[in-house]
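Just so you know, the protein sequences line up as chains A and B, in that order.
The numbers in the numbering used here rise by one with no breaks, and the one at position 21 of the first sequence is 21.
The numbers in the numbering used here rise by one with no breaks, and the one at position 207 of the second sequence is 1207.
Treat the hints with caution; some may be incorrect.
[To be verified] Stretch by stretch, here's where chain B covers chain A in the computed footprint (C-beta under 8 Å, at least three residues):
#1 85-92
#2 212-218
#3 332-342
[To be verified] Short, incomplete list of chain A residues facing chain B, as computed with Cβ under 10 Å:
#4 A57
#5 R147
#6 E311
No lab work stands behind these hints: they were computed from the structure.
All C-beta atoms, glycine included, are put in the ideal place defined by N, C-alpha and C.
As a plain string of letters, each chain reads:
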Amino acid sequence: MRLATFKALAAAVSVVAAVGSSAAFAQDKGKAPAKAAAAGPMEQFFPLLVYRSGAYAPNGVPFANGMQDYLKLINARDGGINGVKITFEECETGYATDRGVECYERLKGKGPTGATVFQPLSTGITYATTDKTFTDKIPLITAGYGRADSVDGEAFPFNFPLMGTYWDAADILVQHVGKLNGGLDKLKGKKIALVYHDSPFGKEPIALLQERAKMHGYELLLLPVTHPGVEQKATWLQIRQQRPDYVFLWGWGVMNSTALKEAVATGYPRDKMFGVWWASAEPDVLPVGADAKGYQGVTLQHSAGRTKVHEDILKHVHDKGQGTGPKDEVGSVLYNRGMISAMLGVEGVRRAQERYGKKPLTGEQVRWGLENLALDQKKLDALGFAGMMRPISTSCKEHGGAHAGRIHTWDGTKWNFSSDWYEADQQILKPMIQKSANAYLVEKKLPRRDCAKELTGG
Amino acid sequence: MLYRENGQFKTTYRADQQLLPITQDRFFVWGVVVLAFLLVPLLASDYAFRALIVPFLILAIAAIGLNILVGYCGQISLGHAAFMAVGAYAAYNLVIRVPGLNFLVVLVLAGLVAALVGIAFGVPSLRIKGLYLAVATLAAQFFVDWMFARVKWFTNYSSSGSVSPADVELFGWVIDQPVEKYWFVLGVLVVMTLLAKNLVRSHIGRSWMAIRDMDVAASVIGIQPLHAKLSAFAVSSFFAGVAGALWGFVHLGAWEPLAFNINLSFNLLFMIIIGGMGSILGSYFGAAFIVVLPLLLNQLPHWLGIEMSTAMISHLEFIVFGALIVFFLIAEPHGLARLWAIGKEKLRLWPFPH
């Protein structure tokens, strides 16, 4: 009897192990995504790195839903990208770098041509996967986040921080508070506190804010908040003591609403607080409700609201019961962000198809498309994005595409634009990007890519 | 029938004291090593290497290190990820500040730096024990987290606090392919395992175990608690430092202090509790359990063709993983290594159990 149970157990264990290992090993037989499958299905695979669980889920979910809804829309309305159907698979990262890397490895070989483009949705994961893109030749879109210096396409051939970086956002914020004071020179002697998430994401803007502090003579207070950011009493005690003129909030997830609650408790005026775009969406202010009134945020282009593309999503996706999330979430800030991010990936493929033909493309081919993106106003209008964003065009050297933004303000129930367009000052940013990118190349012992040569070489 | 040491006579002390006295064990271990070096690279995919096998091997080194401290010497540490971080940042600074240094030298130096830090945080163990010591080692975790996040020199003034060194190079061999990483890490693991295995059966190891079992009795028979405890902290942190350097350079490639946060410390502790305290083999089992199982659980619904939302899958992963930990601890409180030993005992009697 004893022997029999032992045997059965052994058999069960070996079966489980066999299933597990064969499936794990069968993961990516198409190891080399560089080879386009000629006879494969007409499909383009989009990996989706998301976080629907953990401390950042309230913000991660609408983003993920927006991305998925847009891909579904392209399939349902247009039958794919010029006839090439989009397939996708989600992988949960939980905003953890090691799990993100695992997801990247899991999904990079899927689909007939491998993963099209990764959107890591975390600055930490962006840092960790950037190295891998050199050998895997898969582009990374980090729309509005990621490494600020990856705008330099010669140093980061596969990174695309489209529609602005954290340096752009920080630059726009300084310009805005300068304008409020009647000129950047009036910032002299002022105090600006940066309350930031203590991670690569939160630390990104520091370099630029310090550079600007040197130019304009304001004092910069750096107040880090540890992950996940529910404990900020000490931080706000410091703010109460130091009384900064402005607070820039570089938070994510539950940290933002906590900061706003602390501001209410400390009596710090909300209209002196400015969030980065990750810190100025509905999940950040709704828990605080009317008390958050007056809180402002820098958007890299869009805010909440619905345009034609949302109508299409509602008609073709949600009304057919295919919606990824609830209907009323369509048009919220982070939903829109996810949707635009997906659109940029899709348009990169569409542009690459003009050169390589209407078939499934490899990551390297899509890279060319992203590098030669030319979305003018007419194209944006046709896509249904009129009013949400400005034209965007990239080149081999310049992977950012656009560096504009606006400020929006929470009125207690919704976000409204409260400023005109700003352009990040490239005269300040360019040398910083150059310096940082060069340091990166030296540290990694990598050669600089020569864009001029590639152009003439075809 | 197959696994029985009848007739294997030892005629010299040397033969009696060898690492694996039973012939079958020797064949088995050599077989495993040969398979690991030659056969696994033919079978495993890039994904298996990068996401499962390489992290498993590196964390096995760290778990062996922690097991020396907790399992053999009986001192608890809740801050072992901190010593890994010290190793990783020491290696990073050595690589960028001393160009041309061989990576093997870097690895040893990184381990030594971690050992020094380990000794420093091990000093309280001379006066305090048990839970109180656990709290003191927690200080190592928070201090190191703070140091690498705040002192810019350690991260070479990186604007985001994230560092990303170049690929490891050994005598002109650039280790960037998954298989190469695997071979390199496996080589280090084999050396470290041999080191650990020999240490714990030497007089140093016996002094650790004497301290673990009863420190007053140990000091009465002439074992100095100072030497025993601090050497355990040093060796343990050395292992953690080497593992940390590998974790940063070979596995992650780019990392921030968050990569070595307290969760990793807890995971290391779970590894040796589930794997088996005071067992080198148990460290392997524990590392495999903690690294591989969550990923397996995460992908299982997909393989079985069950449609499930991503959030649902990751919640299920937590629930099942937690339940399995509890199950194994109830079924075998002495860890997976004990299960293995029971299996071996049964095998000796097979096929004629009493």
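Each hint tested on the structure:
| no. | hint | in the structure |
| --- | --- | --- |
| 1 | 85-92 | holds (count 3) |
| 2 | 212-218 | violated (count 0) |
| 3 | 332-342 | violated (count 0) |
| 4 | A57 | holds (7 Å) |
| 5 | R147 | holds (7 Å) |
| 6 | E311 | violated (26 Å) |
In this structure, the earlier hints numbered 2, 3 and 6 are contradicted, and the remaining ones agree with it.
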